[in-house]
Amino acid sequence: MGKEQKIDMIAVSKRLEQLIPKYLESLANEGSEDYQGSFEVFEFDEQLLKALTKTTYAAEHLDYDFFMGLIHAIIVNNGVHDPQEAARKINEYIETTNARRDWVAIFPFTFNELFHHFPFQKAKDENLKIGAFTVKTIPYDFDSLSSTLKSEFNLEDLSKTDHGHQTYQGSGSIEKCPIILLEVHGAQEAAFHYAKKKVKYLTNLFEVYGVLAGRKNDSWPVNGITASHAFLASKATGEIERSPLFSPTRININPDADFYASIDKEFSTYANMVINHNDRLFARLKSALNFFSRAINGADKVLGFISYVIAIEAIFSRDKHTPIRITLAEYIALLCYPPEERVDIYKTVKKIYDARSALVHTGKIDIDHDLIEQTEKIAAKTILHTFKLYHRLNSSGEGKIEDRFFDHLRDLRLGVSMDG
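Residues 30 to 449 in the numbering used here are what the sequence shown lists, from first letter to last.
Think of the hints as simulated: they come from the structure by calculation, not from any bench. Zero decoy hints are in this set.
Listed below are the simulated EDC-like cross-link pairs for lysine to aspartate or glutamate, each with C-alpha atoms no more than 16 Å apart in a straight line: (1) K417 / D293; (2) K410 / E359; (3) K429 / D308; (4) K410 / E370; (5) K245 / D287.
Build out the structure end to end from the sequences listed, making use of the hints.
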């Protein structure tokens, strides 16, 4: 069996058959007053990028800048103008340099711990293994990080020079904050993009569990270090790259023994879903986690309340012919609560949705604090129980999982199924 092609060479060569003649023609205009540059023939061709990213490997691990640099080297610098040969060399380079695109992502983060820096508290490294993620709950200096990357990720010779540079440029976060570690693969920008999405999902899930464990912290963080950068350590060279984050990696909970006890095998299963799940129901869960995190981290409590409701709607909103107020109330009561609590929850969810509607449609600008707290807990419980059902459905049965999810909810409403 031959090696798997990293790109679809047929698709790429066919597109290059159209572009290389245009490129060669444009070279004839070099030096003229209206000359815009010949390489733009490749740079702005959308069909070429689609051809280059047609394989799963290329779509997940390579990016536009990587391909443009490679095409420039092959076609412009080395003068390869035969489309088939150019496509072959692109694929060959990707295959032969594959190992250079192995990284360990390092994400410094902070918990929102009120007494984090008090000297009488000695932090303990929980060293959490969560699916593909490793979470070190205390800071690691260079020697500790280097040893961990070597023993757990087979990364030899972490660059001490790079570590010192990135400590300085990254506000000290790589050495002074707890860290999340994750193996990633791909061109640098693609690897950063992949890792950022995965780690954000994990921290969002942590916050749901933190609320359920009663460990949400409403105070502002006291840690003076901002975890506003992510890092990639190359498994080939030991060099460390840095990328800024749109928002700091901060988990808005104050962890304790009860919180860590909740991070069980079930949590690891749900966390690891982000590595290899892409169906529509999972997309709903990711959206719900995103809005839940926006709510828990936002300074505006009213907007936070609306975000909690949107998190719930992201899971259940589907049938445009059914009033969403009734749908949410019934689904949440049946899926997440025992029979003796369902009537009260049904009434509470309707009250929550009425408050949401008043904020959006009547100009009301405030809301009862207790109702916000209730909504937060109901949203967290809804997300958790949807994960439970999603996992069950994913482990058995055939057909689209989103359809089976809503069929199950329908059966609950009709009393056909009693298992929430």
